Amino acid sequence: MTPVVQMRGVTKVYRSGSGSRTVEVRALAGVDLSIYPGEYVALMGPSGSGKSTLMHIIGLLDTPTEGEYWLGGEPVRGLSEAQLARIRNQRVGFVFQAFFLLPRLTALHNVALPLVYRGLPLAERLKRAKAALEAVGLGDRLDHLPSELSGGQKQRVAIARALVQEPDLLLADEPTGNLDSRSSDEILGLFDALHRQGKTIVMVTHEPDVGARAQRIVRLRDGRVADGGMV
Amino acid sequence: MNPLENFRMAFESLWGNKLRSFLALLGIVIGVFAVTAMISLGQMATAGITQDLEAIAGRSIFVQPNFNEGQDFSTAPIREEDILALQTLPASVIPQLFTSAQYEARPGTRRSIQLQGTPGDLPRLDPTNKLARGRYFSQAEARGGLAVAVLSDRAARDLFPGREAVGQVARLFYPNGARLELTVVGVLQPPGGLFGGLGAAATVYVPNELIWNTSPTARKGQYDFVVLSLKKGADARQVTRQVQRIFEGRYGKGKYQIASTESFQDTLRSITLILQALLGAIAGLSLLVGGIGIMNIMLVSVTERTREIGLRKALGATSSQIRQQFLIEAVVLTLVGGLLGVVLAAGLLLLITATVPFFKVFILNPATVLLALAVSALVGLFFGVWPAARAAALDPIEALRYE
Ligand SMILES: Nc1ncnc2c1ncn2[C@@H]1O[C@H](COP(=O)(O)OP(=O)(O)OP(=O)(O)O)[C@@H](O)[C@H]1O
Ligand SMILES: [Mg+2]
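Taken in order, these protein sequences are the chains called A and B. Be aware that the first sequence starts at 102, since it is given in the working numbering, and climbs by one per residue. Be aware that the second sequence starts at 21, since it is given in the working numbering, and climbs by one per residue.
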């Protein structure tokens, strides 16, 4: 079976400053990792260990400084900015800790947003967005603005926005970080359900009991996979 | 993604920020308003001047001896045979004589008045002369040199204050004292419009023949001045050239002055064009200022919407789609501003045509409107480029981290 994510020696070096005062930060220092279709993987590790950086590289928001990365069997190296954007749009769904909903758009239009970049007609976009919102249990909140929704509801809208893309890979960076425990349970329940439906999920988290719900835990330490990379 | 989608998005985001969008496009509104109003007012002024000029002079060509050549008046007169040659052209030929006379305003006080010799039936030959009362002397009366006169409105009021002039006898004197008693048969209408004042002289119109017979200076068969009142459809420039050829062929270059209302109009038009260009350029400066305002607002908007930009990129927008989005926002902003400016200008022009008598016709050329809108769109495009490039260059990770 082709892994959805396949990494060999992925390194990410951030440089800041200039000249002799250049500071290099090795956010990732040779990551080997494979993730297979249908897996639910928790990405854990201390703060600053490179979890978000790895997540961004997996989701093609960033590119490795060194090393090789295959997404769905295709090498990522050498793709243009526009090609990366297209793959992001078609194969990767993001869920962020801070939701990132556009405040002026209703839940329905927020969810329909990624489909704008597929050139789908408006009616079709709204139809799919409605279905996605219904799938996360917000069929009765279509016309609400983000400011009219609770934290848990906002995150469900954000998940619907990722689902509407029908991605190969669902990436969530501490999706319960801004939520109280009741809403967290709701959201985690939703991810469990998506996992049961066969979605591939990678979730960054600090909390052991959140990680415990995943199928596999990948532990990062100082930019390296300490455990669970399963290559 | 199709461009219409971009326009929809642009409207949505501008609508979501109504107050700011309005303030941002205010500069463009004022700029386009100023440019449009300037151009159209210039056109309206030209039209007004042209119309007034036509009302007093029609479409005419004027020929008179050239005084600048240092010759005596009488050495280069216009002769009967010249008139016959001119009569082959598509115009009514009106040979005239000018001289001055005096009248007794009160016993003992003499005043000057202009005495003008014309053929009979002048209003038919040159429709810019309109009768107010009575009639014009006929061609037969003119040929016979009868002592009949038609008065300009001013002359009627000067010679017969408070009385009806038609039917009266006007008593005039030549400078040498010779008397002239004329039966007044008609009075002309005063000329109207901007140039009304120019034509408001006190003039007594009499047959050419009469002046030849009575004036101590005039010589039979010689005229001072010829007006060719062009027939409908005649080409003024072409006829002017033909008149020139006739006089140059007979007398050589430079002896006669030949002018046409068309050439006055050309001069007027070029003057208003220069004025228009100057005022338009000044108004254009306000467009520049408006454009800088747009750029400022767009830059603020890009900074404010850093997260939105990051999110859109994460969801699959390419840099060029983001650039397009912001460029189109800028263009939509300036286009809406331009449209408002044109509407305001149209309002002002309507108001001016309704209230200022000189501006008789409302002119707002489709070309002017198109130009105004095209310029506003270009201003948006030009001043939107930098903000849009900044938006497009944002790194999505940085943008999503941005607080
Ligand atoms: N743009 C950047 N420039 C410089 N250094 C960076 C940049 N982004 C991340 N880093 C550094 O890379 C390292 C890994 O950062 P990353 O955000 O991946 O950690 P994390 O595991 O997600 O931490 P947290 O749990 O606090 O979110 C950190 O030391 C961070 O300071
Ligand atoms: Mg992080």
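Everything labelled a hint here was simulated from the structure, so no lab data went into it. Careful: at least some of the hints might be erroneous.
What the hints assert, rightly or not - Taking lysine to any residue and the SDA-like style, the derived pairs with C-alpha atoms no more than 25 Å apart in a straight line are:
#1 A:Lys228 with B:Phe27
#2 A:Lys228 with B:Lys380
#3 A:Lys228 with B:Asn26
#4 B:Lys380 with B:Val395
#5 B:Lys38 with A:Lys231
#6 A:Lys228 with B:Gln341
#7 A:Lys228 with B:Leu391
#8 B:Lys38 with A:Lys228
#9 A:Lys228 with B:Ser33
#10 A:Lys231 with B:Lys380
Stated by the list, open to error - Counterexamples of contact, computed for chain B against chain A with all Cβ distances above 10 Å:
#11 Tyr271
#12 Ser283
#13 Ala337
#14 Ala387
All figures in this text were calculated on a predicted structure; none of them were measured in a lab. A virtual CB, placed ideally from N, CA and C, is assigned to each residue, including glycine.
Against the structure, the hints come out as follows:
Taking the CA atoms of lysine 228 (chain A) and phenylalanine 27 (chain B), the gap is about 22 Å. The hint holds against a cut of 25 Å. For the proposed pair lysine 228 (chain A) and lysine 380 (chain B), the alpha carbon gap of about 58 Å is over 25 Å, so the pair is violated. Distance restraint check for lysine 228 (chain A) and asparagine 26 (chain B): the Cα-Cα separation of roughly 20 Å lies within the 25 Å cut-off, and the hinted pair is therefore satisfied. Distance hint between lysine 380 (chain B) and valine 395 (chain B) is unfulfilled; the C-alpha atoms sit about 28 Å from each other, more than 25 Å.
Only pairs whose Cα atoms come within 25 Å are accepted, and lysine 38 (chain B) paired with lysine 231 (chain A) is rejected, the gap being roughly 28 Å. Between lysine 228 (chain A) and glutamine 341 (chain B) the alpha-carbon distance is near 24 Å, which keeps this suggested pair within the 25 Å criterion. For the suggested pair lysine 228 (chain A) and leucine 391 (chain B), the alpha carbons sit about 42 Å apart, so the restraint of at most 25 Å is broken. With a C-alpha separation of about 29 Å, the suggested pair lysine 38 (chain B) and lysine 228 (chain A) falls outside the 25 Å cut-off, and the hint is violated.
A C-alpha spacing of about 22 Å is found between lysine 228 (chain A) and serine 33 (chain B), which places the hinted pair at or below 25 Å, so the restraint holds. Between lysine 231 (chain A) and lysine 380 (chain B) the alpha-carbon distance is near 60 Å, which puts this suggested pair outside the 25 Å criterion. Separation of tyrosine 271 (chain B) from chain A is adequate, the least Cβ-Cβ distance of about 80 Å exceeding the 10 Å criterion. With 10 Å as the threshold on Cβ separation, the claim that serine 283 (chain B) sits away from chain A holds: the shortest Cβ distance comes to roughly 62 Å.
Against the 10 Å criterion, alanine 337 (chain B) falls within the reach of chain A, whose nearest CB is about 5 Å from its own CB. Listed as a non-interface residue, alanine 387 (chain B) keeps its Cβ farther than 10 Å from every Cβ of chain A; the least gap is roughly 36 Å.
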